[in-house]
Amino acid sequence: MDTSVIENIRLDYFSILVQFILVVGFVGGTFILTHILGPKRKGTQKLQSFECGLDSIGSARLPFSVKYFLAAILFVLFDIEIIFFYPWAINFRELGYDGLLKMIIFITPFLLGYYYVIKKGALKWD
Amino acid sequence: MGLNTSKLPNGPEMYVGEGYGLTQIEKVIGMARANSIWPLPFATSCCGIEFMATMASTYDLGRFGAERLSFSPRQADLLMVMGTIAKKMGPILKQVYTQMAEPKWVIAVGACASSGGIFDTYSVLQGIDKVIPVDVYVPGCPPPPEAILDGILKIQELIKNEPLRRRESAEYNDLLQSYQID
Numbered sequence: 624m625d626t627s628v629i630e631n632i633r634l635d636y637f638s639i640l641v642q643f644i645l646v647v648g649f650v651g652g653t654f655i656l657t658h659i660l661g662p663k664r665k666g667t668q669k670l671q672s673f674e675c676g677l678d679s680i681g682s683a684r685l686p687f688s689v690k691y692f693l694a695a696i697l698f699v700l701f702d703i704e705i706i707f708f709y710p711w712a713i714n715f716r717e718l719g720y721d722g723l724l725k726m727i728i729f730i731t732p733f734l735l736g737y738y739y740v741i742k743k744g745a746l747k748w749d
Numbered sequence: 804m805g806l807n808t809s810k811l812p813n814g815p816e817m818y819v820g821e822g823y824g825l826t827q828i829e830k831v832i833g834m835a836r837a838n839s840i841w842p843l844p845f846a847t848s849c850c851g852i853e854f855m856a857t858m859a860s861t862y863d864l865g866r867f868g869a870e871r872l873s874f875s876p877r878q879a880d881l882l883m884v885m886g887t888i889a890k891k892m893g894p895i896l897k898q899v900y901t902q903m904a905e906p907k908w909v910i911a912v913g914a915c916a917s918s919g920g921i922f923d924t925y926s927v928l929q930g931i932d933k934v935i936p937v938d939v940y941v942p943g944c945p946p947p948p949e950a951i952l953d954g955i956l957k958i959q960e961l962i963k964n965e966p967l968r969r970r971e972s973a974e975y976n977d978l979l980q981s982y983q984i985d
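Sequences listed follow chains H and D, in order.
Note that this note's numbering numbers the first sequence so that position 53 is 676, with each residue one more than the last.
Note that this note's numbering numbers the second sequence so that position 153 is 956, with each residue one more than the last.
If you are wondering where the hints come from, they were derived from the structure by calculation, not from laboratory data.
Since the model is a prediction, treat every value here as computed from it, not as a measurement.
Fair warning: there could be bad hints in the mix.
[As the list claims (entries may be wrong)] With a straight-line cut-off of 35 Å between C-alpha atoms, the simulated DSBU-like cross-links for lysine-lysine are: (1) H/K665 <-> D/K890; (2) H/K669 <-> D/K963; (3) H/K665 <-> D/K891; (4) D/K891 <-> H/K669; (5) D/K830 <-> H/K665; (6) H/K669 <-> D/K830; (7) H/K690 <-> D/K897; (8) H/K663 <-> D/K957; (9) D/K891 <-> H/K725; (10) H/K663 <-> D/K830; (11) D/K933 <-> H/K690; (12) D/K890 <-> H/K669; (13) H/K669 <-> D/K897; (14) H/K747 <-> D/K891; (15) D/K933 <-> H/K663; (16) D/K897 <-> H/K663; (17) D/K963 <-> H/K663.
[As the list claims (entries may be wrong)] Not the full set, but computed from the structure, chain H residues with beta-carbon under 7 Å of chain D: (18) K663; (19) R664; (20) G666; (21) K669; (22) G676.
[Claimed, not checked] Restraint-style ranges between C-beta atoms, simulated for each label pair: (23) D/S860 <-> H/H658: 50 to 58 Å; (24) D/S926 <-> H/S679: 21 to 29 Å; (25) D/R877 <-> H/E630: 50 to 58 Å.
All C-beta atoms in this analysis are idealised placements derived from N, C-alpha and C, irrespective of residue type, glycine included.
Could you put the whole structure together from the sequences, leaning on the hints where they help?
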């Protein structure tokens, strides 16, 4: 390639650069301009956090029960495991002992985890 | 060639030449604001049901650029109060109005929001203009969707013709002061 071709390619990309600058400039510029030019009022009531018109009570950073979260995340975990069972079950005969061995390798850590979860009492609700 | 005045449908009057149009930025901003209202529905009773019909396919408020309802006052332009406002609800309504971003407009839909309606009693606010400034009142008990649309069109006219510096003006500050809104 001689230099004029390279120069041409550079010129081709220049328009993209201009467009990029315009796009970022327009979006950023609009954001900045509206904040500078737009009308605003900043009273104490205005700047309170919105609680459907009521006064907010207490702190939002409270400890809450983790039970539901645990049950939900364990459900997701074992639910996805079942998805892996389906293709294996359909091709059970074709995959033979080789497939069975691989599934056992796959399931064993899960079962160990399940045993651990039960032992820890993660699924006890009360 | 001299300058011709022309009017866009729903737009401001402008001088047009070949390939350009000249108008005032105030009018352009007014047009943009009027055709992109984000309403905050504050529905407390049956007028709210009429508002649901107004938003649905037959009447379709989206035709006027008000497709997107805002359920937080932070992004809303237009507070639509639809229904009976009990006196206990008054401070809540005022707080919601106060927390809206400028510029903001208020429409009182129905007899109850406008004047207390049939509930001339100790527990009901006799019109929301007792606690917040109102721009447009829509009569009716409840008003049909056409009436609500008419109210929206009136609001659009107000928005189009609002001076750009109105929200900084002394009159506007006095108005809010008279409602003890800082």
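The hints, checked one at a time:
The hinted pair formed by H/K665 and D/K890 meets the criterion: a straight-line CA distance of about 26 Å does not exceed 35 Å. As the CA atoms of H/K669 and D/K963 are separated by approximately 26 Å, the hinted pair is consistent with the 35 Å bound. A hinted pair counts as satisfied when its Cα atoms are at most 35 Å apart, and H/K665 with D/K891 qualifies at roughly 25 Å. Only pairs whose Cα atoms come within 35 Å are accepted, and D/K891 paired with H/K669 is accepted, the gap being roughly 20 Å.
Among the hinted pairs, D/K830 with H/K665 is consistent with the structure: their alpha-carbon atoms are about 26 Å apart, no more than 35 Å. A C-alpha spacing of about 28 Å is found between H/K669 and D/K830, which places the hinted pair at or below 35 Å, so the restraint holds. Taken as a hint, the H/K690 and D/K897 pair is broken in the structure, with Cα atoms around 39 Å apart against an allowance of 35 Å. Distance check on the hinted pair: H/K663 and D/K957 sit about 24 Å apart at the alpha-carbon level, within 35 Å; holds.
Of the pairs offered as hints, the one joining D/K891 and H/K725 is violated, with about 67 Å between alpha carbons and a cut-off of 35 Å exceeded. In summary, the hint linking H/K663 to D/K830 is supported, as the alpha carbons are separated by about 20 Å, within the 35 Å threshold. Pair hint D/K933 plus H/K690 does not hold up; C-alpha atoms about 48 Å apart against a cutoff of 35 Å. With a CA separation close to 21 Å, the supplied pair D/K890 and H/K669 stays within the 35 Å bound.
Between H/K669 and D/K897 the CA atoms are separated by roughly 11 Å; this keeps the pair inside 35 Å, and the hint holds. Distance check on the hinted pair: H/K747 and D/K891 sit about 44 Å apart at the alpha-carbon level, beyond 35 Å; violated. Distance restraint check for D/K933 and H/K663: the Cα-Cα separation of roughly 23 Å lies within the 35 Å cut-off, and the hinted pair is therefore satisfied. Annotation: proposed proximity of D/K897 to H/K663 holds, straight-line Cα distance about 17 Å (limit 35 Å).
For the hint pairing D/K963 with H/K663, the CA-to-CA distance comes to about 19 Å; that is within 35 Å, so the pair holds. Nearest Cβ of chain D to the Cβ of H/K663: about 5 Å, under the 7 Å cut. The hint holds. A distance limit of 7 Å between C-beta atoms decides the matter here; for H/R664 the minimum to chain D is near 6 Å, and the interface restraint holds. For H/G666, the shortest C-beta to C-beta distance to chain D is roughly 4 Å, which falls under 7 Å, so the interface hint holds.
For the restraint placing H/K669 at the interface with chain D, the shortest Cβ-Cβ distance is roughly 6 Å, inside the 7 Å limit, so the hint holds. Given hint, H/G676 at the interface with chain D, holds; its Cβ is 3 Å from that chain's nearest Cβ, closer than 7 Å. Our hint of 50 to 58 Å for D/S860 and H/H658 is violated, since their Cβ atoms are close to 37 Å apart. For the pair D/S926 and H/S679, the supplied restraint of 21 to 29 Å holds, since their beta-carbon distance comes to about 26 Å.
At about 51 Å, the CB distance of D/R877 to H/E630 agrees with the hint of 50 to 58 Å.
In the structure shown, a violation is registered for the earlier hints numbered 7, 9, 11, 14, 23, in ascending order.
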